[in-house]
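Peer 1: Given chain U, put chain D in place with the hints provided.
Residues per chain are reported as follows:
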Amino acid sequence: LKLPGAVTSTSKVRLKPSVDCRFFSDLSGCVFYNVLNNQTYFVHIQCRESSLKAFLEGGGAATEFEKLFIEPPETLIEELMNKGIVAVT
Amino acid sequence: VKPFFINMGLFQARLNDYPSSISPALNQIYGDCQPKEMSDFTVSLAPGSIVRKYLRPQIVFESNTQIPFKPLPFSQAYALLEWGLNWCLATHDFNHLLLHSAVLVKNNKAVLFPALPGSGKSTLSCWLAINGWKLYSDEMAVINTDSLTAEPLYRPACIKNRSIELVRGWQPDATITKVCSDTAKGDVAHAKFQTWTEYSCLQPVEIAGIVFPKYDGDLTEEQYYTIAKSQVFEELCQHAFNYHVLGYQAFDTVWRLIDKVKVFEVHYSNLDFMDEFLLDEVVGHGE
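Protein sequence lines, in the order shown, are assigned to chains U and D. To convert, note that position 54 of the first sequence is 54 in our numbering; the numbers rise steadily by one, no gaps. To convert, note that position 46 of the second sequence is 46 in our numbering; the numbers rise steadily by one, no gaps.
Each hint should be verified, as a subset may be incorrect.
With a cut-off of at most 30 Å between alpha-carbon atoms, the simulated BS3-like pairs for lysine-lysine come out as follows [unchecked claim]:
1. Lys67/U x Lys53/D
2. Lys53/U x Lys260/D
3. Lys67/U x Lys53/U
4. Lys260/D x Lys67/U
5. Lys262/D x Lys53/U
6. Lys260/D x Lys16/U
7. Lys262/D x Lys134/D
8. Lys53/D x Lys160/D
9. Lys2/D x Lys53/D
10. Lys109/D x Lys2/D
11. Lys160/D x Lys134/D
12. Lys70/D x Lys160/D
13. Lys83/U x Lys260/D
14. Lys178/D x Lys160/D
15. Lys185/D x Lys70/D
16. Lys160/D x Lys109/D
17. Lys260/D x Lys160/D
Read the hints as simulated data drawn from the structure, not as lab findings. Nothing here was measured: the structure is a model prediction, and the numbers come from that model.
Here chain D stands alone, though its shape is the one from the complex:
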C-alpha cells in the first residue's frame, strides 16, 4: 500500500500500512492536507495475525514498533486510527501542555471545554463549529507554555451515538465518516468542519476562558456559576496528558493560565444559550 501522510498541523504521521476499507474516511478527513517532508510518527493498521485476518478479523494499531491498544474488530479500523493518533500526540509531545479538552475559537479568543465523557463536549463543539466558531481541537488542547496560547490541530471531531444524527441534521452536507458500530464508546463517527485551506489560515490564539459544560436535557433553566480557581487547578491537572512529564513547567503553566482566564461551570439544555453565554461572558462580541 502507498503510504498516506496525515498532516495534523503541528505533527505529521506517515501511515504505512492500512486496509483499503478506511481509504474513503482517510480521504474525507485528511485527503486535502499538504504533506510535509518529514513525519513525526510512523503508524500502521494491520491484521493482528494470519488467523485473525480471516476468522473474526481484527485490526492492530502500531506506532514506531509500539502497540498501545488491544486489537479491535476490523470494522473499527478508522476509529482505532484516530484514537491511535491521539495516543501518539499525548505520549510524545512534551513541548506543549496537553489537556483533554475541546478548543473553540471566536473573535480571536479561545475557550477550553475540559470535560468528562458524556458531558456533551463533542456535541457542543460540533454545534459551535457549525455556527461560526473555529474548532481548534475536539479532543486535545495544545497549549504553548510560554505564551499560553492555544494551537490549532487539523483533526476531526469524534461524535458518538445520538450526536451523529444531530450533527447530520444541523449540517446535512457535513463531512462525516462512515459510522463504526459497537465500539467501546458506542457508535462512533468523525466529522470535519474545515478544509485544509481554512485550517492553514488559523493562528495560535489567546485563551480567554475555561468552561466546564454539563448537558442536561431535562433542565428548564440554564445555570452557570464561576468555580474556585484552586478547584479548577486540580481539575486541569487531572485532564492534562503530560502534567507529570513537564513537571514544574506544567505547574507554572496551569497556574498562570487559570489565574488569567475566566472559569465557569455551565449546566445547559439549549445550545443557543451556550453561544450567547460564551459571547457575553467569555470571548466578547468582537468589533
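Next comes chain U alone, as it looks inside the complex:
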C-alpha cells in the first residue's frame, strides 16, 4: 500500500519550481530558498558530489537522491517534502 506522499523505493523526487537550491564547494551541505514564502532551509549533511541541484531540478529516484549525501537521516526526503521544497511522486 502506498500512501499519498509517502516515500517508497520507487518514489521520484523533484525540486519545486519556486525553490532554489545551492550547495557548498566544501560539500558540507546545502541550502534551499523558497521564493513563495521567503523561507530558507538548511541541510547540514555532507554531500558526496556537487550534482545535487541538477539532480533535483531534473528529478530522479529517491534512493539515488539519498546516495548523494553521506549518512542522511531516513526522514530527509520527508522533511524536504513537508517544508514544501521537493515534490515526491
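Peer 2: Same frame as chain U, now just chain D:
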C-alpha cells in the same frame, strides 16, 4: 540648537536637537566630517517629558518621528545616539546586505568578524585598527550585493568595560569619548581610529575571509579551524539585519560570499597571534 550633520560616508544624519553635554563627543567623532547637501535621516535627542527634564533626567532618540528605544538616563545620551544611528542604518538600507559584524582591511582585502556580544570582537577590532589595519566598521558590515565588496563607514568603535582601559593603554592618544556608565552593556565609550581625510581615501574592497573570533584569556595555545560552509551560512543569516527584507537577493549574496571566501573559527588569547594568523591565512602579506 544648530543642527549637527553626521556624515557616516554612505549615509548622513541631520541631528536637529541634542543636549550640549554631547557636543564634545560629537566633535571628537564627527567634527571633521564634510557634510553633504542632503541628509538621509533626521534624528534628535530630546528629554522624554517636562518632568523628566528635571527629575531623574532621561533622553529619547527620535528618527523621522519614530522612537525605536525606551528613554535612557540623560548621562547615556551619546551612547544612545550611536545605537540610534545603528538602528537607522539597519532598518533603512535595503540596497546592501547588512551583517552584524566588524570589518577590518589590510592589503586591500577585508575580513569580517561576525560575533556574538562578549566574544571580544570590538576589542580585537580596536587592536587591529591601532596596529596597521583599517577599521571599515566595528558594528555593521555593509556589503555590495553585486560585487560582494565591503563598503567603509565613518563610524567609531564601541568599546566596553575593561576594553576602554586596554585601548587607552595601547594608544594613549586615541580619540575616545567620555565613558557612559551603567548602560545595558556596562561602561561604554566610542573610539575613532581615522580622520575624515583618511576615511575619504578608503574604497570598497574584496572580502577575503570570515573569521569567528572567540577570546579566551585562559587559553594556553591558540586554536583555529575551518568551519563547514553550510554552518556559516546559517550563522550569517542570523547576523544579517536585513536578510528577510532582501529575500532571494540576500540568499544569493550570502551563498556567493561564503562559497568564495575562507571561513575560520579562532580561539585566541594573544592578539599578536590574530594579526599573524589573519596575514598568513586570510589576507596574505601583500606585495
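Peer 1: Determine for every hint whether it applies to the structure shown.
Peer 2: Do the hints match the structure? See the list:
Between Lys67/U and Lys53/D the CA atoms are separated by roughly 69 Å; this puts the pair beyond 30 Å, and the hint is violated. About 18 Å separates the Cα atoms of Lys53/U and Lys260/D, which keeps this hinted pair within 30 Å; it holds. Taken as a hint, the Lys67/U and Lys53/U pair is honoured in the structure, with Cα atoms around 14 Å apart against an allowance of 30 Å. A C-alpha spacing of about 26 Å is found between Lys260/D and Lys67/U, which places the hinted pair at or below 30 Å, so the restraint holds.
For a cut-off of 30 Å, the pair hint linking Lys262/D to Lys53/U stands: about 23 Å separates their Cα positions. A distance of roughly 27 Å separates the Cα atoms of Lys260/D and Lys16/U; the hinted pair therefore holds under the 30 Å criterion. The hinted pair formed by Lys262/D and Lys134/D meets the criterion: a straight-line CA distance of about 20 Å does not exceed 30 Å. The hinted pair formed by Lys53/D and Lys160/D meets the criterion: a straight-line CA distance of about 27 Å does not exceed 30 Å.
For the suggested pair Lys2/D and Lys53/D, the alpha carbons sit about 20 Å apart, so the restraint of at most 30 Å is met. The hinted pair formed by Lys109/D and Lys2/D fails the criterion: a straight-line CA distance of about 40 Å is larger than 30 Å. Note on Lys160/D and Lys134/D: the hinted pairing holds, with a Cα-Cα distance of about 20 Å set against a maximum of 30 Å. A distance of roughly 21 Å separates the Cα atoms of Lys70/D and Lys160/D; the hinted pair therefore holds under the 30 Å criterion.
Of the pairs offered as hints, the one joining Lys83/U and Lys260/D holds, with about 28 Å between alpha carbons and a cut-off of 30 Å not exceeded. For the suggested pair Lys178/D and Lys160/D, the alpha carbons sit about 12 Å apart, so the restraint of at most 30 Å is met. As the CA atoms of Lys185/D and Lys70/D are separated by approximately 15 Å, the hinted pair is consistent with the 30 Å bound. For the hint linking Lys160/D to Lys109/D, the alpha-carbon distance of about 27 Å falls within 30 Å, and the restraint holds.
With a CA separation close to 33 Å, the supplied pair Lys260/D and Lys160/D exceeds the 30 Å bound.
The structure fails to meet hints 1, 10 and 17 from the earlier list, while all remaining hints are met.
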